[in-house]
Structures are given as structure tokens and as C-alpha cells.
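Listed here are the chains, written in short residue letters.
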Amino acid sequence: NAGVTQTPKFRILKIGQSMTLQCTQDMNHNYMYWYRQDPGMGLKLIYYSVGAGITDKGEVPNGYNVSRSTTEDFPLRLELAAPSQTSVYFCASSQSGTGNTEAFFGQGTRLTVV
Amino acid sequence: QKEVEQNSGPLSVPEGAIASLNCTYSDRGSQSFFWYRQYSGKSPELIMFIYSNGDKEDGRFTAQLNKASQYVSLLIRDSQPSDSATYLCAVNIGGTYKYIFGTGTRLKVLA
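Protein chains in written order, with this note's numbering: chain A, 1 to 114; chain B, 1 to 111.
Please note that the accuracy of each hint is not assured.
[Claimed, not checked] No more than 30 angstroms apart at the CA atoms, straight line, and that leaves these computed lysine-lysine pairs for DSS-like:
| id | chain 1 | residue 1 | chain 2 | residue 2 |
| --- | --- | --- | --- | --- |
| 1 | A | Lys9 | B | Lys42 |
| 2 | A | Lys9 | B | Lys67 |
| 3 | A | Lys44 | B | Lys67 |
None of these hints come from the bench; they were simulated from the model.
Looking at chain A on its own, in the form it has when it is part of the complex (with noise of 0.2 angstroms):
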């Protein structure tokens, strides 16, 4: 029972470095959200998706990029790491976008740019 699958757990880049953070759920979810939280702050939408091939903008998105291929992945990259990037990152999905089901979130990913 899986539920939300976020990969890696910790991180660490350097200024400039590109990565990708993997996200997977097998709930068969349409939708799927990318947030970062700062700390003691709540949760910023960075990027969110509808369904396979359909993805928009969140609250903050410059400096990232999503696909979404798949139902089951939304993987979100950094193509130049910037220290303002590190963050804890949270994946989320849920069954419907605007109803009244709640998201359920992955453990999350802390990255820390030097």
C-alpha cells in the first residue's frame, strides 16, 4: 500500500546543478501536485496536473520544470540550482481535482543548494 512515492529523500546540489525529483502514486489518481514548503511556512504550489500529457502552473513556478507522461508519475526537475530552491518538496495526489477528496501527500524531499 504505497500510496505517494517521493524519491530521493535528502539531497544535496551545488549552485548551478540540475536535478530531477520522482514522484509516483498507484492510486490510479488523475491529479497530481507539486508543492515546496519553507521553513515554518506553509505549502507553495509549484506546478500541478489534471491528467497524462496536462500540466499548469502553481504559485511559484520559475526555476522548474514537470512532465506528466503517465498517470502514476509527475517527476519535477531543476535545471539550474539556485540556493532560494532549497526546500522541502511534497508531492501530492488526489482523486479529484476540485472535490471534496482529500490529497494525499508523499514524505517529501529536502534539498539544500551550496
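Position chain B against the provided structure of chain A, taking the given hints into account.
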């Protein structure tokens, strides 16, 4: 810019008391409202959702929604030390599939 506002706290209550957590939102088109609990270093987990004006009760938790005042609250009765966590309010942006989170209120229940 759509906003969700919460008092960051910490809100300290004695064990057994009622904890009251508040959230205001700016988008009048919002239709769904969620309360998540987040323990330190963990991912958020859903406590309750509400989409109609009034109260909704689930065990020790009651969510209250007032769309006219753009206000949603969470009451925790008989607070326990295990309730100590950050409580995040999330609001659906009307007409979209996006959910916006508040900054969270840190609750401390004192034994």
C-alpha cells in the same frame, strides 16, 4: 494574488481544553476547505474538509465555515499533547484545480 491567512502561533492550550484555530481566505469563489495536520519533519495529513456553511463534526474535531465572512475555523475539543503540531488551512481556488495553503498555526498542548 489569492491568499489564505493564518496566525502562525504558537497557540498554547492546557490538556483537556478547546483549541480554536482560524483561517481567512481572499477568493470568494473558493468552494472547498481543508484542514491538515503536520507533525515536525513529516508530511501533511488531512484532518477534515468542509464545503457548506455551518459546522461539521468528526470526533473531537469541528470545522466551521462562514463563506460570507470568508472564514473557516477548526475546533479541537479535549486537546491532547499528541495534538501538538502545525495545522494548515487549504482552500480551493474557485474554478480551478489548485489548492492554496496558509502558513499554518503551531499548536502546543501542555500536559
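Hint check results:
1. Lys9/A <-> Lys42/B: Holds - the C-alpha atoms of Lys42/B and Lys9/A are around 12 angstroms apart, at most 30 angstroms.
2. Lys9/A <-> Lys67/B: The hint is violated at about 39 angstroms.
3. Lys44/A <-> Lys67/B: The given pair, whose Cα atoms are some 23 angstroms apart, holds under the 30 angstroms limit.
Hint 2 from the earlier list is the only one contradicted by this structure; the remaining hints agree with it.
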